[in-house]
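S.K.: Top line first, the protein sequences correspond to chains A and B.
Numbering (the numbering used here) for the first sequence: 20 to 329.
Numbering (the numbering used here) for the second sequence: 20 to 329.
Source of the hints: derived by calculation from the structure; they are not laboratory data.
Since the structure is predicted, the reported quantities are computational estimates derived from the model, not experimental observations.
Don't take every hint at face value.
If chains are identical, the list can't say which one is meant, so a pair holds when it fits in one copy or spans any two.
Pairs of lysine to any residue residues, derived as SDA-like cross-links and limited to a Cα-Cα distance of at most 25 Å, are as follows [unchecked claim]:
{"hint": "1", "residue 1": "178", "residue 2": "60"}
{"hint": "2", "residue 1": "177", "residue 2": "327"}
{"hint": "3", "residue 1": "106", "residue 2": "143"}
{"hint": "4", "residue 1": "106", "residue 2": "144"}
{"hint": "5", "residue 1": "106", "residue 2": "150"}
{"hint": "6", "residue 1": "30", "residue 2": "195"}
{"hint": "7", "residue 1": "178", "residue 2": "44"}
{"hint": "8", "residue 1": "107", "residue 2": "144"}
{"hint": "9", "residue 1": "293", "residue 2": "143"}
{"hint": "10", "residue 1": "30", "residue 2": "43"}
{"hint": "11", "residue 1": "180", "residue 2": "166"}
{"hint": "12", "residue 1": "243", "residue 2": "213"}
{"hint": "13", "residue 1": "107", "residue 2": "61"}
{"hint": "14", "residue 1": "178", "residue 2": "42"}
{"hint": "15", "residue 1": "30", "residue 2": "223"}
{"hint": "16", "residue 1": "26", "residue 2": "277"}
{"hint": "17", "residue 1": "26", "residue 2": "271"}
{"hint": "18", "residue 1": "177", "residue 2": "193"}
{"hint": "19", "residue 1": "251", "residue 2": "196"}
{"hint": "20", "residue 1": "293", "residue 2": "53"}
{"hint": "21", "residue 1": "293", "residue 2": "147"}
{"hint": "22", "residue 1": "180", "residue 2": "61"}
{"hint": "23", "residue 1": "106", "residue 2": "58"}
{"hint": "24", "residue 1": "177", "residue 2": "201"}
{"hint": "25", "residue 1": "293", "residue 2": "48"}
{"hint": "26", "residue 1": "177", "residue 2": "42"}
There are 2 protein chains.
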Amino acid sequence: MINRLIKNIEKTNAPIVVGLDPMLDYVPGHVKERAYGAYGETLEGAAETIWQFNRAIVDATADLIPAVKPQIAMYEQFGVEGVKAFKKTVDYCHEKGLVVIGDIKRGDIGSTSAAYAAGHLGSVQVGSQVLTAFDEDFATVNPYLGSDGVNPFIDVCKKEKKGIFVLVKTSNPSSGELQDRTADGRPLYEHVGELVAKWGSDCMGDSYSYVGAVVGATYPEQGKVLRSIMPKAFILVPGYGAQGGKGADLVHFFNEDGLGAIVNSSRGIIAAWKQEKYREKGIGEENFADASRLAVLDMIDDIAGALGTK
Amino acid sequence: MINRLIKNIEKTNAPIVVGLDPMLDYVPGHVKERAYGAYGETLEGAAETIWQFNRAIVDATADLIPAVKPQIAMYEQFGVEGVKAFKKTVDYCHEKGLVVIGDIKRGDIGSTSAAYAAGHLGSVQVGSQVLTAFDEDFATVNPYLGSDGVNPFIDVCKKEKKGIFVLVKTSNPSSGELQDRTADGRPLYEHVGELVAKWGSDCMGDSYSYVGAVVGATYPEQGKVLRSIMPKAFILVPGYGAQGGKGADLVHFFNEDGLGAIVNSSRGIIAAWKQEKYREKGIGEENFADASRLAVLDMIDDIAGALGTK
Chain A
20 MINRLIKNIE KTNAPIVVGL DPMLDYVPGH VKERAYGAYG ETLEGAAETI WQFNRAIVDA
80 TADLIPAVKP QIAMYEQFGV EGVKAFKKTV DYCHEKGLVV IGDIKRGDIG STSAAYAAGH
140 LGSVQVGSQV LTAFDEDFAT VNPYLGSDGV NPFIDVCKKE KKGIFVLVKT SNPSSGELQD
200 RTADGRPLYE HVGELVAKWG SDCMGDSYSY VGAVVGATYP EQGKVLRSIM PKAFILVPGY
260 GAQGGKGADL VHFFNEDGLG AIVNSSRGII AAWKQEKYRE KGIGEENFAD ASRLAVLDMI
320 DDIAGALGTK
Chain B
20 MINRLIKNIE KTNAPIVVGL DPMLDYVPGH VKERAYGAYG ETLEGAAETI WQFNRAIVDA
80 TADLIPAVKP QIAMYEQFGV EGVKAFKKTV DYCHEKGLVV IGDIKRGDIG STSAAYAAGH
140 LGSVQVGSQV LTAFDEDFAT VNPYLGSDGV NPFIDVCKKE KKGIFVLVKT SNPSSGELQD
200 RTADGRPLYE HVGELVAKWG SDCMGDSYSY VGAVVGATYP EQGKVLRSIM PKAFILVPGY
260 GAQGGKGADL VHFFNEDGLG AIVNSSRGII AAWKQEKYRE KGIGEENFAD ASRLAVLDMI
320 DDIAGALGTK
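Assemble the whole structure, with the sequences as input and the hints as a guide.
M.R.: This is the structure we're talking about:
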């Protein structure tokens with residue numbers, strides 16, 4: 020799957036991923052009205068709203084992008100119905116040829132991590148049947164529990180040719196409270212980076228490992244160090260755009276081959292129709308997905324400019 | 020909710036929680052056969068299996084215990100159908116008067132943690148309606164992202180009178196890889212313990228904070244230190260029984276008031292029918308839930324013996 024992700028990036032010339040994190044505030048009124056009209060102001064109505072919103076954005080951007088990253092929390096908040104919309108989104112993106120990174124940030128001890136890995140990346144045995152549940156291509160994983168929590172994901176990845184991105188240095192302001200603590204002379208995130216390099220060393224695709232890392236665009240200096248600690252790890256970079264990360268910050272996350280990182284934008288793409296910049300181009304609520312398409316093109320351009328690949 | 024948890028513990032005289040982590044291997048053949056007969060060897064059949072299994076165990080133990088802790092991974096592995104069984108289990112346990120600790124180990128940045136908190140402990144606004152999704156009473160939370168990731172849960176807890184248990188020192192063998200790293204002269208878990216005490220200080224119930232901690236029974240010495248760092252935090256203690264923690268190890272997790280900790284057992288209770296000890300008492304697959312009841316009584320006795328409250 021890491022090979023396919025890279026192939027998709029090369030095909031689109033776009034090392035980006037669209038974060039499908041559909042908060043109801045991002046959804047234009049007419050989409051909500053239609054869904055609430057059909058299902059009421061219910062969890063089902065909310066789930067239908069975010070599914071229709073996603074579908075329009077995927078339709079408008081799929082040819083430009085290699086991958087999407089649905090954030091499961093935004094679905095889970097609507098309970099069972101929301102989780103159904105998550106699954107529908109995963110399947111629809113697969114139909115469109117996109118790589119799907121499930122942003123699930125799971126992590127637990129042995130058999131429990133194995134269950135998460137089976138449900139999100141692998142399969143479960145029910146009687147004589149082998150069945151898949153959510154079936155994303157990659158998942159994000161929290162490393163706080165150590166190897167016991169990560170290895171079950173790696174086992175499934177080896178078997179199913181899937182991949183993970185381990186949280187190393189997250190994009191949020193307080194990520195340093197634990198991640199920056201100096202342990203044995205170095206910040207904790209460097210130790211986690213070393214673990215990622217170790218875990219990934221026997222998990223190689225053609226040129227990169229399928230054990231990747233999450234490092235926030237908001238911490239470019241740390242990204243530079245981590246790039247060198249984990250040369251073969253693909254880095255998933257959140258925090259671009261709405262969270263403050265800029266194209267120029269991203270240079271250090273990439274290797275000299277122009278690969279090695281994939282940059283996420285969520286709000287900046289899916290809620291682009293709210294930005295003055297796109298409103299001025301005559302885009303309103305009705306054609307919100309067109310704004311997302313323009314925002315993807317602008318993001319690709321910004322990153323290509325920063326990387327000197329324009 | 021922390022007050023209700025304590026009231027339930029005092030009423031049952033049992034500082035324990037039954038982990039509803041229903042792996043299919045734990046479920047007797049006749050339960051599976053009935054569910055597969057009705058729904059096939061499908062995700063729906065698997066979900067029905069674990070729901071019927073849970074219900075029988077809850078029916079057999081509810082009068083003896085204050086709380087249950089369903090581990091969502093064991094449901095999530097069966098996809099949408101599994102998540103439905105999780106919700107059914109939460110609701111059923113509420114009907115039985117049990118406090119429900121959702122073992123979800125979520126944790127993300129700001130708005131994403133807020134979505135998890137809304138979905139699991141709080142409510143969501145859909146149009147003019149305020150709706151609840153999973154509606155557990157407590158949730159376990161991963162601290163790796165720092166205050167940004169935890170505060171949204173605390174905000175919801177304050178509003179809804181719910182609670183969280185933050186992972187501090189987990190019960191698994193490799194928990195030390197990150198948690199034991201020495202930072203500023205002390206292991207990382209102590210720093211996390213201090214954060215828990217800080218986060219919990221303005222979240223007080225009558226005698227304990229509703230910001231609790233997870234500390235594994237397999238690390239009693241660390242438990243002793245953490246008990247003193249977080250005197251007002253309720254400690255959720257996994258790792259008793261099947262993972263190797265013994266009654267005598269638990270003493271340090273409790274305060275002098277005999278409170279302050281709640282000990283989880285999952286496999287040791289729900290798969291008790293597989294143990295020779297209960298088989299010898301004439302309990303077989305057919306009356307598996309009776310074995311769970313006996314295992315609960317044995318666990319209560321073991322802990323009371325260790326605490327000198329027998």
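S.K.: Using 25 Å as the alpha carbon limit, work out where residue 293 and residue 143 are close: within a copy, between copies, both or neither.
M.R.: Cα proximity of residue 293 and residue 143: across copies only (22 Å, versus 42 Å in one copy).
S.K.: Cα distance capped at 25 Å. Does residue 178 pair with residue 60 within a copy, between copies, both, or neither?
M.R.: So residue 178 and residue 60 pass the 25 Å test across copies only (23 Å; inside, 42 Å).
S.K.: Pop the pair residue 30 and residue 43 into one bin, within, between, both or neither, using alpha-carbon distances up to 25 Å.
M.R.: This pair counts as neither: shortest intra-copy Cα distance 32 Å, inter-copy 43 Å.
S.K.: Between the shortest in-copy and the shortest cross-copy C-alpha distance, which are at most 25 Å for residue 177 and residue 193: within, between, both, or neither?
M.R.: between (34 Å within a copy, 21 Å between copies)
S.K.: When no copy is named, should residue 106 and residue 58 be tagged within, between, both, or neither for a Cα gap of at most 25 Å?
M.R.: This pair counts as both: shortest intra-copy Cα distance 19 Å, inter-copy 21 Å.
S.K.: At most 25 Å between CA atoms: does that hold for residue 180 and residue 61 within a copy, between copies, both, or neither?
M.R.: between (38 Å within a copy, 24 Å between copies)
S.K.: How would you classify residue 243 and residue 213 at a CA-CA limit of 25 Å: within, between, both, or neither?
M.R.: Answer is within; shortest intra-copy Cα gap is 14 Å, inter-copy 31 Å.
S.K.: Regarding residue 293 and residue 48, is the shortest C-alpha distance of 25 Å or less found within a copy, between copies, in both, or in neither?
M.R.: This pair counts as within: shortest intra-copy Cα distance 12 Å, inter-copy 56 Å.
S.K.: As a check of your reading, is residue 177 near residue 327 (CA-CA no more than 25 Å) within one copy, between copies, both or neither?
M.R.: Answer is neither; intra-copy 35 Å and inter-copy 50 Å both fail.
S.K.: At most 25 Å between C-alpha atoms: does residue 106 with residue 143 qualify within a copy, between copies, both, or neither?
M.R.: Both ways: residue 106 and residue 143 sit 16 Å apart in one copy and 20 Å across, limit 25 Å.
S.K.: With 25 Å as the alpha-carbon cut-off, assign the pair residue 178 and residue 42 to within, between, both or neither.
M.R.: Result: close only across copies, 21 Å inter versus 34 Å intra.
S.K.: Can you give me the call for residue 177 and residue 42, within, between, both or neither, at a CA distance of at most 25 Å?
M.R.: between (34 Å within a copy, 23 Å between copies)
The structure does not agree with the numbered hints 2, 6, 10 and 24 stated previously, though it agrees with the rest.
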